[in-house]
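**Student:** For reference, the chains in residue letters:
4 protein chains.
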Amino acid sequence: MMAAPDSLQGAPLRIGVVGLGRLGKRHAQNLAYRVRGATLAAVCSPLDEELAWARGALPAPREYRDYAALLDDRDVDAVWLVTPSALHAQQIVDALRAGKHVFCEKPLSLDLAECERVLGEAQRQPHLQATIGFMRRFDPSYRDAYDKIHAGLIGRPFMVRSQTCDQNDPDGFFVRFAPSSGGIFLDCTVHDIDVARWLLGKPKAKRVYAAGTVALHDGLREFGDVDNGVAICEFENGGLAMFYASRTMAHGNDTGSEVIGTAGAMAIGRNPRVNRVEIADRHGIRNECTPTFFDRFEDAFLHEAQAFVAAVKQGPGGEQGGATLADALEATRIGSALRRSLETGQAVTL
Amino acid sequence: MMAAPDSLQGAPLRIGVVGLGRLGKRHAQNLAYRVRGATLAAVCSPLDEELAWARGALPAPREYRDYAALLDDRDVDAVWLVTPSALHAQQIVDALRAGKHVFCEKPLSLDLAECERVLGEAQRQPHLQATIGFMRRFDPSYRDAYDKIHAGLIGRPFMVRSQTCDQNDPDGFFVRFAPSSGGIFLDCTVHDIDVARWLLGKPKAKRVYAAGTVALHDGLREFGDVDNGVAICEFENGGLAMFYASRTMAHGNDTGSEVIGTAGAMAIGRNPRVNRVEIADRHGIRNECTPTFFDRFEDAFLHEAQAFVAAVKQGPGGEQGGATLADALEATRIGSALRRSLETGQAVTL
Amino acid sequence: MMAAPDSLQGAPLRIGVVGLGRLGKRHAQNLAYRVRGATLAAVCSPLDEELAWARGALPAPREYRDYAALLDDRDVDAVWLVTPSALHAQQIVDALRAGKHVFCEKPLSLDLAECERVLGEAQRQPHLQATIGFMRRFDPSYRDAYDKIHAGLIGRPFMVRSQTCDQNDPDGFFVRFAPSSGGIFLDCTVHDIDVARWLLGKPKAKRVYAAGTVALHDGLREFGDVDNGVAICEFENGGLAMFYASRTMAHGNDTGSEVIGTAGAMAIGRNPRVNRVEIADRHGIRNECTPTFFDRFEDAFLHEAQAFVAAVKQGPGGEQGGATLADALEATRIGSALRRSLETGQAVTL
Amino acid sequence: MMAAPDSLQGAPLRIGVVGLGRLGKRHAQNLAYRVRGATLAAVCSPLDEELAWARGALPAPREYRDYAALLDDRDVDAVWLVTPSALHAQQIVDALRAGKHVFCEKPLSLDLAECERVLGEAQRQPHLQATIGFMRRFDPSYRDAYDKIHAGLIGRPFMVRSQTCDQNDPDGFFVRFAPSSGGIFLDCTVHDIDVARWLLGKPKAKRVYAAGTVALHDGLREFGDVDNGVAICEFENGGLAMFYASRTMAHGNDTGSEVIGTAGAMAIGRNPRVNRVEIADRHGIRNECTPTFFDRFEDAFLHEAQAFVAAVKQGPGGEQGGATLADALEATRIGSALRRSLETGQAVTL
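Respectively, the protein sequence lines represent chains L, W, X and U.
For the first sequence, UniProt numbering begins at 1 and goes up steadily by one.
For the second sequence, UniProt numbering begins at 1 and goes up steadily by one.
For the third sequence, UniProt numbering begins at 1 and goes up steadily by one.
For the fourth sequence, UniProt numbering begins at 1 and goes up steadily by one.
In isolation and in its complexed conformation, chain L is listed as follows (with noise of 0.2 Å):
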C-alpha cells in the first residue's frame, strides 16, 4: 500500500452494488473503504432491511429499489451483481447496454445459451470490462502458486486435483437450493474448474466423467444431486484434472488445490488452518479449520475488486486476471457436461 500507481490516479471509477445479502455487504464495505481508486456510488436492493444496513454502514451511496433506476444513474460507472444466479446473464446484458462495466459474482448462467447470448452482447461493446467473480485466482496462496508456476518452479504443469468441500450444514439450506442450483458440479465445482484452467494454460476440455453419492442428505436424491461427487477431466492440450466436491465434512470449508508439474509440485490450501494457532491435549495437537469459504476467502473478495478497479483503468487490453466471459461460459459447459455425466452414467466428449 504504497502510493497509488498511476492508473488508479484520477476520477474514481464509481460503483453501484446491487443486492446486499452476506457477500453483497462483504463487496460494498470492501468497495466504500479498501478499494483505492474507486467510490462506492449507490446500492441497489428491493429489501428494506437491506438498505437500512447500508444506511448505517456504508458512507451514504444513493439507494435504489430498482436495477433499471440504476442503470440511468448517469453517475455509476460499474455495477456489481450479487443477485441470485437467475438474473445474472439479463442484468449483464442490461448493463453492458446501458454502458457500464460489469462485475458479476459466479456463476454466469447456468444455461450455456445464455452464456452465450451475454458474450455476444459483450464483443460489441470491447470498451467495457465484464468479469466474472472466481474470487480463487485472487486468494494470495493461489496467486503466488500461479507466479511460481509461470516463473517455472515447477516445470510444466499436467494436473490439477481440486476441491471445494463445505462443512455439513444440519439444516440443509443447500437441499432447498438444489432445484436451482444446478446441482454439486455447477455450483461448487465450477470453482475448482476454473482453478484447473487457470493453472494449466485455459486449455478447453475434451471429455469428462463423474460419479457421486449422497451419504448424507436423502433430500438431495429427488433432485438427481449428491452431497459428495467426483469427477475426472481430460483437456484438449494433455492436462488433467480431478475434482471433488462436498457439503458433508466435519471440520470446515476444505478447499483447496494442488498442481503437478514435471519438476515438481504444489499444494495450496492443503490443511485449511483457520490461524496460527496448535492445541497440544489429550486428543493429540490439532489446528482449527476454516468454518465457510467466507472466512477463507476474505482476503481474496478484497484482491478482485482492486483488479477489477486496475482493469477498468488500464482500459480494453489489460492485463487484469479475473475470469472472463469466455472463462465463465466455459466452466459452465464443462460443469453441465459433469452433470450429465453424472446423470448418465457415461464419459461425456465435448
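Bear in mind the hints are in silico, worked out from the structure with no lab data behind them.
As the structure is a computational prediction, the values presented were derived from the model and not from experiment.
Where is the CB? At the ideal position from N, CA and C, for every residue including glycine.
Just so you know, not all the hints are guaranteed correct.
What the hints assert, rightly or not - Here are the simulated lysine to aspartate or glutamate pairs, DMTMM-like style, with alpha carbons at most 20 Å apart:
#1 W:202 with W:116
#2 L:206 with W:298
#3 U:202 with U:116
#4 U:206 with X:343
#5 U:206 with U:116
#6 L:202 with L:295
#7 X:106 with X:295
#8 X:206 with U:343
#9 U:204 with U:111
#10 X:204 with X:111
#11 W:106 with W:298
#12 W:206 with L:144
Said to hold, decoys possible - Per the computed footprint, the stretches of chain W lying under chain U, defined by three or more beta-carbons under 8 Å from a beta-carbon of chain U, are:
#13 264-270
#14 279-292
Given chain L, put chains W, X and U in place with the hints provided.
**Tutor:** Quick look at chains W, X and U alone, frame taken from chain L:
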C-alpha cells in the same frame, strides 16, 4: 514384544523363500530374524549371487535352485513367493497341491481366468493359508486408521482417495518393464484398489473410469501406458474411490490414502516425511520425503510376515487381515477394467 | 464488519500520525481507510519526502513539520507516535498535557525513571487513553489463544516460551542501531515479555537470567550486545518464561510463542508460513516463511488501531486490551534486568 | 541389512543382560533377535517373574540371580546393565575388573566422585568398551540431523534447544521416585545435555542457570524438586543451550531438539506424531502423539545395541558414536550444577 501368545508357541512354521531379489532379501531377513514362531528353513533362487548372499546373511537355510525341489522338501511348511509376476499363479497352485501354505507378492495374476483357477485350487485346500502381499494393510498407520474406522471415529466411511506415486526414475526402468507390468493401474493402483475395498468394507465395484497422460516418459506410448493415471471407481454399496498413480514425482515416493466418512475423515501419509527432521533455511521450512516404497513400507513388510505366521497357527477361519485370493482377484478385476477404460475412453461397467 | 456498534457511532476520533517511516505509513493508511470511527486528521514529519508521500497516498490530512504545532491543533483528538524511541517519553507527556489521547509505538522508554515520569503524568490525566503498541496482542492467532486460555482450554497456564527471531540482514542495520536500541532484550524481547505477562495474568517478575552469543555480527561486541540471546524469567505468581531473540535466522522472521498449562498447551506461529502454499520438489516438501515482522503482523497493526479507537470511545475503565503504560514499564523493567544479567553473568532479582 | 560387514563376522559377542524390567526386556529381545554379531548368552535378575519371562521369550540364555556369578561366566564377553541407577557405578567397575565390556543405561552416577572413580577404572582397561545409554544419539532423526550438521547444512551450529517432556502420570510414579532420581534435571535433562554437547562438538559447560515450578505434583516440594524445569547452559566454545523438562504434558511424550546454526536450523521431533495418520473432525485436524519415550525411541534402542556391538568388534579407537564415560560424567556435572542453581536461585559457574 512380550511373551509370545499361545498361538505362536509350539513348533515353528518352516518357511521357504522363493526369489531373492531386493524384496526377497528383505522378506528372508525378516523371516529369519524378526518373526516369532517362524524359521527360515530354505531359500530358492536360480542365481548364484543370490544364493551366495543367502549364505552370508541368513542363518544357513537349505538352498534350492529349482522350485519343484523346494516343494519336495517335507520340512518346509510354507512358501514365500517373491518371484516375477507372470509365475505367481502357477507357483501358488503348485504349492497348494504340494500341501504348503503360500504367501505370494502381489499381483496374483494380471489375467482374470488365471486368478480364478488359483481360487479354485485353494477352495480344494481349505486348510491351507494363501495370502497375497498387499502390505499396506500392515503399515502401522493404515492399521491405526482401519481400527479407528471400525471403532466408529469417522461415522460411516463412504469414500476413499488413494494414490501410489513413485519418484521419477530418469533411467525409466518401468518403461522397459511396461510390456509385462500390465500398465500403471495393474502395477500401481492395485494397491489403492485393495486399500479402498479394505477400508470401505470389501464392496464389489460396479463401474470405473480412467484417464491418463504421459508427462515425461514417451516410451510408454507404444504400450498404451501412461506415467500419470487417474481413476474413479463406484462400488455396489454406494462407496466411491478416486485413484491417482504417478511415475514422475520429483520429491519422493508419495503414497497415501484418505478416508472420508459421515462424521470425519482420516488421511494416512499425507506428507511422506522420511523422518522427524525439519530443516529451516533460505528455502523455507521443509522435510525430506521417503525415496521409495521400500523405505516407506519397511515396517509393513515385517508385520505382514508376522501376521501370516499367526494366521497359519490359528488355522482356517482365523482373523488374519491379509488380502485373500478373492481380494486379489477383485483387485485384478478392477485394475483390468481401469486399463480398458483408459484404452477406450469409456466408463466400464463390471 | 456488520453495522458499526454504538460505541463507534458519533463524531469520528480525529487522529494525527507523527512519523511517516515505513511503519508510520502503514499506521497512517490503516487509520485513513480501514478504521471505523476514526479520521486521519493530520500528519507530522520533518521530512519533505514523507509529507509528499502523504499528499499522494492519504485523504488530505493537515500537514505539520513540528510536533508542537500538531499539538496546538484543536481538531486533533489523539496522536499516534511512530517516532524514534528516544523521543517517545517526552512526546507522550506533551500530548497528555495538550489533552490528547496517545498511541505510541513500543518501547515507552529504555529508561525506567522516564517510564515512571510518563506514568505520573498519565495518572494526572485519567480521562485520556495512553497505549503502547505491543501489537502481538492484536494478532488474530495470539488473540484466539488468549481467548481459549481464558475459556480454560489448557487449564491453568504456568509457562510461556516466546521468541522474536529476525531474518539475518547481511547489511547489519541493527548493528549500526545498536548504540541506541538498548540491546537485543530491550529491542526484541520486550515483545515476548509483554506476551508472557499478558498470557500469564500480568504477573510481576521476581528474577531473571540471560545469556547470549555473537553468531555472525562481530560489530555488536563493542556495545556489549549479542545477535542471539536467551533468557529465563520467573514471576511472582510462580509462572515461568523462556525467551529467545535472534538477528540471524536464515529462513525468515520466526516469531511465535507457546503457552503451557496444566491441561494442555498452545503454540502460536510455530511454523511461520508465509501463506497456504506447500512446494514439493527434490528438496522435499516445504513452505516459505514470513520475511519480516512487518509481513507477519500486518493484521495486528490494523486491529490494534481499531481497538485503540474503540477504547477511546468507550472511555476510561473500558476493556481495550492494548498494553498500558504500566505494562510497558514492566516490560522495560524486565528487559533492563535481562540486559544487566547478560552483562554480569548473574541472575538479577527484581 | 545387506551382507554383514567384516567387522561383524567372526565369533558373536556374548552378552549378559542384567535387569529385566520393562527396558531390560526390550534390550534383551533386541540383543537376542535383532543385533547381528551378538548372542544373548545370559540374563541376570533377582526376580522369579523376570527369569520366568526370559525362559518364555528369549532363546534360552543362561540364568543368574547374582551379578557376581554372571561376571564369573567366562562365556560372557559383555554385560548390559539395566539396573537401578544407584548400582550403575559399582557394577561398571566390577564388570571392567572382570574383563568385560560394559553397556550401562544412563545415568552413570548422580555423584561426580563416583563418575570419576569409574573413569579411572576404565582408563586402566583401555581395551574394554564402556558406553552409557544415551539412546537419542541413535534415533534415526537425531542421527540424520547430526550427519547434516557435519555436512555443513546449517553452517556453524551455535545453539541447541532441547526438551524432555513426559505425559502427565496422574499416579505420580516419579514423585515416589523423587528421593533417588536426582531431580528433574539429573533424571530427564541429562539426555538434553548430552544431545546439546553431541551436536555442538562436545564442548564443556562454563555456566548454567535453572528455574522451575510445581504445576501439578505438590509431593515434589519436600524433595526440592519441580515438575517443570527450565535451564540455560553456556559452553566454553561460545555455544548456548536452553533446556526444558516437564512431567505434566497433556498430549504425550514430547521430546525433541532444535539446532540453530549460522546458515540454517533443524528441528528434530517438533510435533511428536505417533504415526502418519491425520484425523479431521469437528475439533479440527489433528495427529495423535507418542505416549512415552519407550514408544518414541523404539528404533533408537535397537540401533544403539547394534552400534555397541560394532564398536566392540572394531576395537579401541573405533568410531562408535555412543556416549563415553567422559560424556556421561560431563552430563552429570552439568545436571548437578543445574540442580544447585535451582536450589540457590543463582547462576552456577563450572
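**Student:** Each of the hints needs a verdict: does it hold here or not?
**Tutor:** We went through each hint and held it up to the structure:
| no. | hint | in the structure |
| --- | --- | --- |
| 1 | W:202 with W:116 | holds, 18 Å |
| 2 | L:206 with W:298 | violated, 42 Å |
| 3 | U:202 with U:116 | holds, 18 Å |
| 4 | U:206 with X:343 | holds, 16 Å |
| 5 | U:206 with U:116 | holds, 19 Å |
| 6 | L:202 with L:295 | violated, 28 Å |
| 7 | X:106 with X:295 | holds, 18 Å |
| 8 | X:206 with U:343 | holds, 16 Å |
| 9 | U:204 with U:111 | holds, 18 Å |
| 10 | X:204 with X:111 | holds, 18 Å |
| 11 | W:106 with W:298 | holds, 16 Å |
| 12 | W:206 with L:144 | violated, 41 Å |
| 13 | 264-270 | holds (count 7) |
| 14 | 279-292 | holds (count 4) |
Checked against the numbered hints given earlier, the structure breaks hints 2, 6 and 12 and satisfies all the rest.
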